[in-house]
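Model the full structure from these sequences, guided by the hints.
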Amino acid sequence: MEHLGLGVSFLITFDQIPLGLKTKDDFLNGQVLLIDKPLEWSSFQAVNALKWAIRKKFNLKKIKIGHAGTLDPLATGLLIICTGKFTKKIPELQGQIKEYTGTFTLGATTPSYDQETEVNETFPTAHITDTHIHAATLQFVGEIEQIPPVFSALKKDGKRLYEFAREGKSVEIKSRKIEILSFEITEIRLPEVDFRVVCSKGTYIRSLAHDFGQALQSGAYLSALRRTKIGDFNVDNAVTPMDFKESLGQKD
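For the sequence shown, our numbering assigns the number 6 to the initial residue and increments by one for each residue that follows.
These aren't lab readings, by the way, just hints derived from the structure by calculation. Be careful, since some hints might not be right.
Unchecked claim - With beta-carbon atoms standing in for the labels, derived distance ranges:
| id | residue 1 | residue 2 | range |
| --- | --- | --- | --- |
| 1 | 34 | 140 | 43 to 53 Å |
| 2 | 126 | 254 | 47 to 57 Å |
| 3 | 242 | 131 | 49 to 59 Å |
| 4 | 242 | 197 | 26 to 36 Å |
| 5 | 120 | 30 | 41 to 51 Å |
| 6 | 245 | 63 | 15 to 25 Å |
| 7 | 93 | 150 | 30 to 40 Å |
| 8 | 137 | 63 | 48 to 58 Å |
| 9 | 34 | 241 | 19 to 29 Å |
| 10 | 193 | 242 | 23 to 33 Å |
| 11 | 63 | 127 | 49 to 59 Å |
All of these numbers come straight from a predicted model, not from anything done at the bench. Glycine included, every Cβ here is placed at the ideal spot set by N, Cα and C.
Put into structure tokens, the structure is as follows:
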């Protein structure tokens, strides 16, 4: 069975081939590592932790390593990290369908659309019923136009959008087409609503939270997010950066 044209070895779990048994050449020739990114870690921190662990284990001066799709620090879950020659496959992996679970908090908004910034406005929620919540998901399924959050790493005129936001400058952000294949509400305990979303590359779940609040004639922001799948890769087969280091015999 092939996966993304990358070969069957990518579907082997860590338990079947312990990372501690992998050789220097394994990492240089190419590995796909499934990492469960901890809360408050940046994707760069996770990549850096693995890079230094591999370099230290095999006394390497350098090794190519990169991730296939950023996760915000306030999100947890699946981060695919490629080493060696497999870094060339990162664009292919980034284009895969992704699955997320998480929580929206209704009745308020934040400038960043998540908990990175403080609540800037509150809204009534007394009119919102379970029926309204489930019905509101329908307008977001399929190909839709979405405006990315201003607190994002996208660039405009050579500058990151979050830099404009932190300077208090307004900037025009163009909408872009994304696709949501599935959007379901898994639990309602107002003001919190749990969800599961399957979506295309480029989808901002923070923007979905903001737009979902507007669809309910209220407000909403993203209060928890976990990436559970990328293509056929599942977070259930992932390890934490700390577990990765321990597998290579490193305790610090």
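Hint-by-hint comparison with the structure:
1. Look at residue 34 against residue 140: about 51 Å separates their beta carbons, and that is inside 43 to 53 Å.
2. Our hint of 47 to 57 Å for residue 126 and residue 254 holds, since their Cβ atoms are close to 51 Å apart.
3. One distance hint, 49 to 59 Å for the beta-carbon pair residue 242 and residue 131, is violated here, with the actual separation near 43 Å.
4. Range check, residue 242 to residue 197: about 29 Å between beta-carbon atoms, so the 26 to 36 Å window is met.
5. Judged by the Cβ atoms, the range 41 to 51 Å given for residue 120 and residue 30 holds: they are separated by roughly 43 Å.
6. Hint check: residue 245 to residue 63, Cβ distance near 21 Å, so the stated range 15 to 25 Å holds.
7. The hinted range of 30 to 40 Å is satisfied by residue 93 and residue 150, whose Cβ atoms lie roughly 32 Å apart.
8. Between residue 137 and residue 63 the C-beta distance comes to about 56 Å, which sits within the given range of 48 to 58 Å.
9. At about 26 Å, the CB distance of residue 34 to residue 241 agrees with the hint of 19 to 29 Å.
10. One distance hint, 23 to 33 Å for the beta-carbon pair residue 193 and residue 242, holds here, with the actual separation near 30 Å.
11. Restraint check, residue 63 to residue 127: a C-beta distance of roughly 54 Å satisfies the suggested window 49 to 59 Å.
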